[in-house]
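Put together the whole structure using the sequences plus the hints.
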Amino acid sequence: MTIDGYKNHPYIPNSVEKVQKEMLKELGLETLEDLHEGIPEELKFKSKIDLPEPYKSEYELRKDMEKTLRKNKTCRDYINFLGAGCWQHYVPAICDEINSRSEFLTAYAGEPYNDHGRFQTLFEYQSLVAELVDMDVVNVPTFDWAQAAATSIRMAARITGREEALVVGTIDKEKLLIIQNYCDPIVDIILVDYDKKTGAMDLDDLKDKISENTAAVYFENPSFLGFIENQGQKISDIAHNIGAISIVGVDPSSLGILAPPSHYGADIICGDLQPLGIHMNYGGGQSGFISTRDEEKFVMEFPSRLFGIAPTIVEGEYGFGDVAYERTSFGNLREKGKEFVGTQTALWGITAGVYLSLMGPKGMYELGQNIMQKSQYTINELNKIKGVKGSKFNSINFKEFVVDFNDTNKTVEEINKKLLEKGIFGGKDLSKDFPEFGQCALYCVTEIHLKEDIDKLIDSLKETIEG
Amino acid sequence: MKRISRDHKVRNFHQAKWDEPIIFELSNEGERGILVPEAEEEIVKVVGDGVSKIPESMKREKLPNLPEINQKRVLMHYLRLSQETLGGDLNIEIGQGTCTMKYNPKINEYIARMPEMTELHPLQDESTVQGILEIIYKTDLCMREISGMDQFTFQPGGGSQAIFTMASIVRKYHREHGEENQRDEIITTVYSHPSDAAAPATKGYKVITIMPDEEGYPDYEAFKNAVSERTAAFFVANPEDTGVFNPRIKEFTDLVRKAGGLNCYDQANANGLLGVTRAKEAGFDMCFFNLHKTFSTPHGCGGPGGGALGVVKELIDYLPKPIVGFKDGKYFLNYDLDKSIGKVRLFNGVPQTVLKAYAWIMSLGAEGLYEVAKVAVLNNNYLFKKLLEHKGVDAPYIRGKQRVEQVRYTLEKLAEDTGISTEDIARRVMDFGMHYWTSHHPYYVPEPITLEPTETPSKEDLDEYIRTLHHIFDEAYENPEIIKNAPHRSTIHKIDESSFDDPEKWAPTWRVYLRKTEEE
Chain A
1 MTIDGYKNHP YIPNSVEKVQ KEMLKELGLE TLEDLHEGIP EELKFKSKID
51 LPEPYKSEYE LRKDMEKTLR KNKTCRDYIN FLGAGCWQHY VPAICDEINS
101 RSEFLTAYAG EPYNDHGRFQ TLFEYQSLVA ELVDMDVVNV PTFDWAQAAA
151 TSIRMAARIT GREEALVVGT IDKEKLLIIQ NYCDPIVDII LVDYDKKTGA
201 MDLDDLKDKI SENTAAVYFE NPSFLGFIEN QGQKISDIAH NIGAISIVGV
251 DPSSLGILAP PSHYGADIIC GDLQPLGIHM NYGGGQSGFI STRDEEKFVM
301 EFPSRLFGIA PTIVEGEYGF GDVAYERTSF GNLREKGKEF VGTQTALWGI
351 TAGVYLSLMG PKGMYELGQN IMQKSQYTIN ELNKIKGVKG SKFNSINFKE
401 FVVDFNDTNK TVEEINKKLL EKGIFGGKDL SKDFPEFGQC ALYCVTEIHL
451 KEDIDKLIDS LKETIEG
Chain B
1001 MKRISRDHKV RNFHQAKWDE PIIFELSNEG ERGILVPEAE EEIVKVVGDG
1051 VSKIPESMKR EKLPNLPEIN QKRVLMHYLR LSQETLGGDL NIEIGQGTCT
1101 MKYNPKINEY IARMPEMTEL HPLQDESTVQ GILEIIYKTD LCMREISGMD
1151 QFTFQPGGGS QAIFTMASIV RKYHREHGEE NQRDEIITTV YSHPSDAAAP
1201 ATKGYKVITI MPDEEGYPDY EAFKNAVSER TAAFFVANPE DTGVFNPRIK
1251 EFTDLVRKAG GLNCYDQANA NGLLGVTRAK EAGFDMCFFN LHKTFSTPHG
1301 CGGPGGGALG VVKELIDYLP KPIVGFKDGK YFLNYDLDKS IGKVRLFNGV
1351 PQTVLKAYAW IMSLGAEGLY EVAKVAVLNN NYLFKKLLEH KGVDAPYIRG
1401 KQRVEQVRYT LEKLAEDTGI STEDIARRVM DFGMHYWTSH HPYYVPEPIT
1451 LEPTETPSKE DLDEYIRTLH HIFDEAYENP EIIKNAPHRS TIHKIDESSF
1501 DDPEKWAPTW RVYLRKTEEE
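For the protein sequence lines, the chains are A and B, in the order given. Per the working numbering, the first sequence starts with residue 1, numbered consecutively. Per the working numbering, the second sequence starts with residue 1001, numbered consecutively.
Since the hints were made in silico from the structure, they are not lab data. Positions of the beta carbon are idealized from the N, C-alpha and C atoms, including for glycine. Relax, there's no trap hidden among the hints.
Listed below are the simulated BS3-like cross-link pairs for lysine-lysine, each with C-alpha atoms no more than 30 angstroms apart in a straight line:
#, chain 1, residue 1, chain 2, residue 2
1, B, Lys-1062, B, Lys-1516
2, A, Lys-456, B, Lys-1045
3, B, Lys-1072, B, Lys-1106
4, A, Lys-418, B, Lys-1330
5, B, Lys-1484, B, Lys-1391
6, B, Lys-1330, A, Lys-63
7, A, Lys-422, B, Lys-1327
8, A, Lys-197, A, Lys-234
9, A, Lys-432, A, Lys-417
10, B, Lys-1106, A, Lys-63
11, B, Lys-1059, A, Lys-207
12, B, Lys-1516, A, Lys-297
13, B, Lys-1459, A, Lys-56
14, B, Lys-1401, B, Lys-1280
15, A, Lys-456, A, Lys-432
16, A, Lys-173, A, Lys-410
17, A, Lys-44, B, Lys-1385
18, A, Lys-451, A, Lys-386
19, B, Lys-1138, A, Lys-173
20, B, Lys-1459, B, Lys-1386
21, B, Lys-1391, B, Lys-1009
22, A, Lys-7, A, Lys-25
23, A, Lys-21, B, Lys-1385
24, B, Lys-1327, A, Lys-417
25, A, Lys-451, A, Lys-389
26, A, Lys-7, B, Lys-1401
27, A, Lys-362, B, Lys-1045
28, B, Lys-1413, B, Lys-1391
29, A, Lys-44, B, Lys-1258
30, A, Lys-67, A, Lys-7
31, A, Lys-432, B, Lys-1172
32, A, Lys-451, B, Lys-1059
33, A, Lys-46, A, Lys-7
Sample of chain B residues at the chain A side, in silico, Cβ under 8 angstroms:
#, residue
34, Ile-1111
35, Arg-1113
36, Thr-1118
37, Ser-1160
38, Pro-1194
39, Pro-1304
40, Val-1350
Structural data, given as structure tokens:
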């Protein structure tokens, strides 16, 4: 059977039949069916693949896709208190302006000579994040925080030659699944218990579990549950005393006000770039980074590309290129290289660089302060609702906090359903991931929440709970 | 006025050169790029400054050393750097073989940037995200048809993550069948992507790499000898990066199946095969497509992309959670996969990429996808024939036969004749506003070039590309110096690469550069 094909398609210039004939003649062929001679007949798909009829014009495509997308309710229409690893922040217009530029959007893997701008922006992103975390080396971004954490652990395992990692018990269970899958069967992941009152890592349990098999201790600041872990130096010391590596996952939007993990003993820092000027995109905005000191033993374990600065043959010119390229799976070593490298999330790295350039030191400080104030205010107001505890843990939080609904006689699911009716996305229900908490939800408050948004949440919760 | 002559055969190009400083050099104390909303007075009244409550040990003592730059200057900086980047929209993007650098339709980007896409939180109630779930579900149905697989996941964020996901499924599958320890080897071929070796190795597998026979096909005898009760899986691209399609692929997959292994298809090179041949009929248990290659979503300087991973019925339960289902008129996230490997990327992958891929498929339909495959192959074989007309240019394997969607050429003869290497020429191509890529390492084809035109270029575009390469090949014979010192019309000149592998000198960030160059 001959399939007709779709002639004169705007995306396929050489679907014009006259041109096709001319080109086929050059090749000594008669028809398009003479192509694909290398594919045996028995492997050829004999009928037409069964797809819906295509839109007949760009207008119809747009019209119908818009109609479908409008079935979604967005965080602009609703007041959103969901976080849990993907956070709603303000995205400066310039971030979108730059990441929608044709040049960046449609570039890929050019050489430093055709893509000087791509190399420079990614070098600058690395350098800006390096200042934020106060560490020397930052990679071209990986897929997301979970991948960055998993790779950090694998790096630590190679550096120490050990096969176990201790991971903070309050970690996001989805992130844990990713780390476990990525480390299986090379590194065993063991959870460390946490203090039931503060949420902080249980140092006695850490000391019990750590051993000479421990490659790394991984914890987060702020933690997944929002509280600030202030035993950072103690945890790092316990790790170092036995020759293990201290890895800290961090939300970079906190680093205008919170000490970077390099100040309390972290050897490797990782985290997500999404809060730095990247839209949530239903989770498609996640982008991971990894940072270490500028020591050969760390640098040589990165699987990612690292762009470095160098002179050119012309005085006064900046050039860029790959630092220690041969360690990657793109180099001569293939599977003997470090893990693997490929298309990850470079455009979000560029965007995070734009964001940090706009924010500057003061912007990052004010962002942090604003989030602290608004989240504390929210906790404060939540405490006024009968049966609600604004923060389950008696620690200080950044951006997120666990709201305890156990004394309301209502489940989080019921409460969130009511909130939804009132135009509010309530916090993430923790009853599945942390059954020991009972009915608790993880709420997220950022600089985008106005007092009136928070007050609307409080009023709606009062109505729902107190009736 | 005299008629202006437009007779020149190659483009008189010059790349933008803004001589832009590094962002830190633009800092002026006190300048602001953007203002952050302040907390309302009533909030401050209740909670105070917010930061004094931070435990002392956790307070940042000194503000981060970020630059302070006004908004216009930040914009100008990044716009200038964008102009110094040769994106696919601007050039005849034929030179990045294996990467399928096709046109990324603007309308799809426009749709994907609607707030109904960008402003969705991944944990929203399913009832509020029916639109995006519908698109993911329908894309899955299309992919099933295109490949013959029974279920797709869009969780992998790129091709390499999709390969890693396949390797994870392979391990879990053999674990479930009590053969995990026995099956510790995977087999791949040297002209499949390096990640087909590296990602399974990351998953703990020993890698056996099959070399090509004289015709460029994976050596069947060597393959036969490699398959055993230790084989966990076969990871392969077909056509491989040479553009050579292995016609005996079914015999290969049959051997692996009989030995108890799984067959995993890297479809990075699928662009010439859409509607022509499918993974299922070739005996594969799993396959993946790069949405940012075959399905037209932009590459974004290296992501975010998308790896659409499909499996046969028997393997659906092993997929990462969740997948999108449809029941009683509603789309939902299905977590009910009892042998699942868990998860590979947070939340639901990269949904905006899936949306763009769907829009592309729906702009073409079955007839359009078939036309894509035919024209991609037509363009490639046209380019192939024309390039080989120049002396010093060749392509090893299956002489006189067609290639699929790309070709790995060799300039071995040209290099012997002139002393000019393929890397030298890669730098010179830039002087004409174009780009070409050599090959993954190591170079099994000596002095390689890997070109893949896709369906995007017109005949005029192809002719310009051919003319330009021929012009440069002529230069190699007639005026090699101009190539040795290239580029001449790029943003920058030849880079001194000597620091990149020297831990004492390399500078992966600005702060390291400042420190290491202080004394000099």
